[in-house]
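Novice: Residue strings, one per chain:
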Amino acid sequence: MNSTEAVAHILKRLGNKPAVIATGFICRQAQAAAARPENFYMIGSMGMASSIGLGAALARPKQPVVVVDGDGAVLMNLGHLPMAGSFKPKNFYHIVVDNGRYESTGGQATISKDVKIEMIAKASGYKSAVGVATEAALKSALAKLFKSPGPAMLVVRVKPEKGEAPPRVTDSPEEITRKFSAALRNGK
Amino acid sequence: MKWTSVHQDNAKRFAGALKAHGFDFYTGVPCSLLGALLEHIASDKAMPYYPAVREDAAFGLAAGAYMAGKKPAVLIQNSGLGYSLNVLTSLNLIYKIPVLAVVTWRGHGPDAPEHIVMGASCIKLMEDVGISVAAPDTAADLENALRQGVHVTNIQKKPFALFIKRGIFGQ
Numbered sequence: 000m001n002s003t004e005a006v007a008h009i010l011k012r013l014g015n016k017p018a019v020i021a022t023g024f025i026c027r028q029a030q031a032a033a034a035r036p037e038n039f040y041m042i043g044s045m046g047m048a049s050s051i052g053l054g055a056a057l058a059r060p061k062q063p064v065v066v067v068d069g070d071g072a073v074l075m076n077l078g079h080l081p082m083a084g085s086f087k088p089k090n091f092y093h094i095v096v097d098n099g100r101y102e103s104t105g106g107q108a109t110i111s112k113d114v115k116i117e118m119i120a121k122a123s124g125y126k127s128a129v130g131v132a133t134e135a136a137l138k139s140a141l142a143k144l145f146k147s148p149g150p151a152m153l154v155v156r157v158k159p160e161k162g163e164a165p166p167r168v169t170d171s172p173e174e175i176t177r178k179f180s181a182a183l184r185n186g187k
Numbered sequence: 000m001k002w003t004s005v006h007q008d009n010a011k012r013f014a015g016a017l018k019a020h021g022f023d024f025y026t027g028v029p030c031s032l033l034g035a036l037l038e039h040i041a042s043d044k045a046m047p048y049y050p051a052v053r054e055d056a057a058f059g060l061a062a063g064a065y066m067a068g069k070k071p072a073v074l075i076q077n078s079g080l081g082y083s084l085n086v087l088t089s090l091n092l093i094y095k096i097p098v099l100a101v102v103t104w105r106g107h108g109p110d111a112p113e114h115i116v117m118g119a120s121c122i123k124l125m126e127d128v129g130i131s132v133a134a135p136d137t138a139a140d141l142e143n144a145l146r147q148g149v150h151v152t153n154i155q156k157k158p159f160a161l162f163i164k165r166g167i168f169g170q
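From first to last, the protein sequence lines stand for chains A and B.
The opening residue of the first sequence carries number 0 in numbering that gives the first Met the number 0; numbering runs sequentially from there.
The opening residue of the second sequence carries number 0 in numbering that gives the first Met the number 0; numbering runs sequentially from there.
Read the hints as simulated data drawn from the structure, not as lab findings.
Do not take every clue at face value.
Derived DSSO-like pairs (lysine-lysine); straight-line CA-CA distance at most 27 Å [claimed, not checked]: (1) B:K44 / A:K61; (2) B:K70 / A:K61; (3) B:K1 / A:K187; (4) A:K146 / A:K16; (5) B:K164 / A:K178; (6) A:K161 / A:K187; (7) B:K1 / B:K164; (8) B:K1 / B:K157; (9) B:K123 / B:K70; (10) B:K44 / A:K187; (11) A:K61 / A:K87; (12) B:K18 / B:K44; (13) A:K178 / B:K156; (14) A:K126 / A:K112; (15) B:K156 / A:K16; (16) B:K18 / A:K61; (17) B:K157 / A:K178; (18) A:K87 / B:K18.
Make a model of the complete structure from these sequences and hints.
Specialist: What follows is the structure, given as structure tokens:
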């Protein structure tokens with residue numbers, strides 16, 4: 000399974016749950032898979048998707064909030080994991096698409112092949128944290144994920160995408176804020 | 000600790016003003032110059048506070064809380080503005096996500112060596128990237144500065160930095 004396929008599976012499973020999507024190709028893949036108003040596409044501040052999602056989850060405890068992160072982004076803001084583990088929002092779901100690369104800057108390696116991100120999450124206080132590497136395992140893990148209490152993590156190990164990059168995010172940052180805020184404020 | 004009843008009175012008044020303006024989500028990384036204010040917040044249920052691991056993460060939490068309908072304030076030391084600059088410039092400013100930053104001004108006047116460089120530049124640094132600031136001299140000027148911050152965050156949907164000098168909430 001490559002990252003495009005994994006992101007498409009994940010987006011298909013989100014329903015109308017608000018999701019903060021990490022800077023880089025993940026955002027572009029998510030937009031191509033399902034351009035939902037509930038998607039907060041990040042174009043800067045790499046590493047912050049998890050903290051933004053956590054802030055939203057804390058502010059709206061009844062609204063499930065999802066973060067679709069990348070391995071490089073998680074490693075950049077690793078301090079986020081103990082915050083989520085310590086604040087313990089039941090409605091916080093953290094999916095990490097791990098392709099082992101900084102894809103949008105040319106495919107340079109991250110250090111994720113040597114790091115078990117789900118074990119750091121577990122040690123940081125996440126209620127559950129699992130890793131999957133096949134499409135079948137991803138589908139079954141996604142089916143379970145939103146039925147479990149958060150903070151919960153799902154690491155999806157994928158092969159790097161070999162094809163063309165999907166188009167850049169089309170909405171302006173201001174428009175993204177407007178849509179995502181409306182999705183959150185009109186939600187649970 | 001190092002704060003006196005004067006610091007505590009200032010903290011109580013300022014906390015009241017923050018609540019009156021609707022601030023209902025607090026996060027940050029402590030500084031001794033915020034001592035009495037942080038002590039007050041810890042004892043006030045109407046001021047939920049989430050300890051961030053680093054200042055940039057505090058701005059991240061605040062951004063999410065804002066979009067979910069809260070009115071966030073971030074309480075930090077100016078040393079944390081360095082870590083936070085990328086978030087302020089490539090998240091808050093371009094996505095129009097406002098936040099009130101209450102920032103202690105270490106290095107304003109004699110201070111430890113690590114505070115000298117940022118102390119001399121922090122106001123200019125904020126202004127250079129387009130973030131308005133206020134740096135009230137006394138506790139009496141705090142509420143005016145806060146009103147200015149509320150105006151900027153509400154109307155312009157931008158971050159605002161309210162600098163806190165030594166002696167107001169701690170020594």
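Novice: Hints first: check each against the structure and report whether it holds.
Specialist: These are the hints, each one checked on the structure:
Distance restraint check for K44 of chain B and K61 of chain A: the Cα-Cα separation of roughly 20 Å lies within the 27 Å cut-off, and the hinted pair is therefore satisfied. The suggested pairing of K70 of chain B with K61 of chain A holds, with an alpha-carbon distance near 18 Å, which does not exceed 27 Å. Restraint check for K1 of chain B and K187 of chain A: not satisfied, since their Cα atoms lie roughly 43 Å apart, outside the 27 Å limit. For the hint linking K146 of chain A to K16 of chain A, the alpha-carbon distance of about 13 Å falls within 27 Å, and the restraint holds.
This hinted pair does not check out: K164 of chain B and K178 of chain A have alpha carbons roughly 38 Å apart, beyond 27 Å. Proximity of K161 of chain A to K187 of chain A is assessed by CA-CA distance (about 39 Å); at most 27 Å being required, the pair is judged violated. Between K1 of chain B and K164 of chain B the alpha-carbon distance is near 15 Å, which keeps this suggested pair within the 27 Å criterion. Among the hinted pairs, K1 of chain B with K157 of chain B is inconsistent with the structure: their alpha-carbon atoms are about 34 Å apart, more than 27 Å.
A distance of roughly 26 Å separates the Cα atoms of K123 of chain B and K70 of chain B; the hinted pair therefore holds under the 27 Å criterion. A distance of roughly 23 Å separates the Cα atoms of K44 of chain B and K187 of chain A; the hinted pair therefore holds under the 27 Å criterion. At roughly 13 Å between alpha-carbon atoms, K61 of chain A and K87 of chain A fall within 27 Å of each other, so this suggested pair holds. At most 27 Å may separate the alpha-carbon atoms for a hinted pair to count; K18 of chain B and K44 of chain B meet this at roughly 11 Å.
Taken as a hint, the K178 of chain A and K156 of chain B pair is honoured in the structure, with Cα atoms around 15 Å apart against an allowance of 27 Å. Distance restraint check for K126 of chain A and K112 of chain A: the Cα-Cα separation of roughly 23 Å lies within the 27 Å cut-off, and the hinted pair is therefore satisfied. With a C-alpha separation of about 25 Å, the suggested pair K156 of chain B and K16 of chain A falls inside the 27 Å cut-off, and the hint holds. Proximity of K18 of chain B to K61 of chain A is assessed by CA-CA distance (about 24 Å); at most 27 Å being required, the pair is judged to hold.
Between K157 of chain B and K178 of chain A, the direct Cα distance comes to roughly 18 Å. Compliance with the 27 Å bound is thereby established for this hinted pair. Of the pairs offered as hints, the one joining K87 of chain A and K18 of chain B holds, with about 25 Å between alpha carbons and a cut-off of 27 Å not exceeded.
Comparing the model with each numbered hint stated earlier shows that hints 3, 5, 6 and 8 do not hold.
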